[in-house]
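Let chain R serve as the given structure and place chain U on it in line with the hints.
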Amino acid sequence: AQKVTQAQTEISVVEKEDVTLDCVYETRDTTYYLFWYKQPPSGELVFLIRRNSFDEQNEISGRYSWNFQKSTSSFNFTITASQVVDSAVYFCALSASHTGGFKTIFGAGTRLFVKA
Amino acid sequence: DGGITQSPKYLFRKEGQNVTLSCEQNLNHDAMYWYRQDPGQGLRLIYYSQIVNDFQKGDIAEGYSVSREKKESFPLTVTSAQKNPTAFYLCASSPAGGSGNEQYFGPGTRLTVT
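Note that the protein sequences, when read in sequence, are chains R and U. Quick note on this note's numbering: the first sequence kicks off at 1 and runs consecutively. Quick note on this note's numbering: the second sequence kicks off at 117 and runs consecutively.
Only chain R is shown next, with the shape it has when bound in the complex (with noise of 0.2 Å):
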């Protein structure tokens, strides 16, 4: 089965601190793809990230991190000096060639306050 586990329900930081998302995936295949997704107060998820099993390599984008570990299946975010924009919900994903490939699961989400 696949599973996507986001422990932290909410987040509070205040601005300039740092704060890691943590995500633990499940799955019995060797191929597959996570995902972080971003959603504003708006409500549009917005694409953040994907990595494939084979690579895990970690990634930073300007103040993102992200770190991909098979061997703890975990693929936590982290972000460096956070603002206020950044406050928004954060959801872990996971897609993997064994659900047919169309179909993604998504995470809880974890809640990311940062206050002025």
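These are computed hints drawn from the structure, not numbers from a lab. Source: prediction; values computed, not measured. Treat the hints loosely; a few may be bogus.
Claimed, not checked - Lysine-lysine pairs mimicking DSS-like chemistry, simulated, CA-CA at most 30 Å apart: (1) R:K103 x U:K199; (2) R:K38 x U:K125; (3) R:K38 x U:K187; (4) R:K103 x U:K125; (5) R:K103 x U:K173.
Here is chain U on its own, set in the frame of chain R:
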């Protein structure tokens, strides 16, 4: 500008009425999806379509119906058979139905049924 349009943003209906939510994309994507989002929960897949004139049920298809007569359009009908239709509905598309493709989302429609 390329993107996904969902209308209306807010929709109110009386119980027992069918209602159709619009979703249009001009990204030339083959695959389209409908998700339902309830407070504090992730997205759950209602229906998806990989190509025109073809669609498959997702995890919570009961009480919903769709059509895919045109590549750019994938309307969702919430029927009176849906027991708890009040939710936030998100439409998405991707270049193809392969598992490696990210999805692009519309702004959503918040449906309230009383």
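Inset, instruction - Tell me, in ascending order, the numbers of any earlier hints that this structure violates. - result: The structure conflicts with no hint, since it agrees with every one listed earlier.
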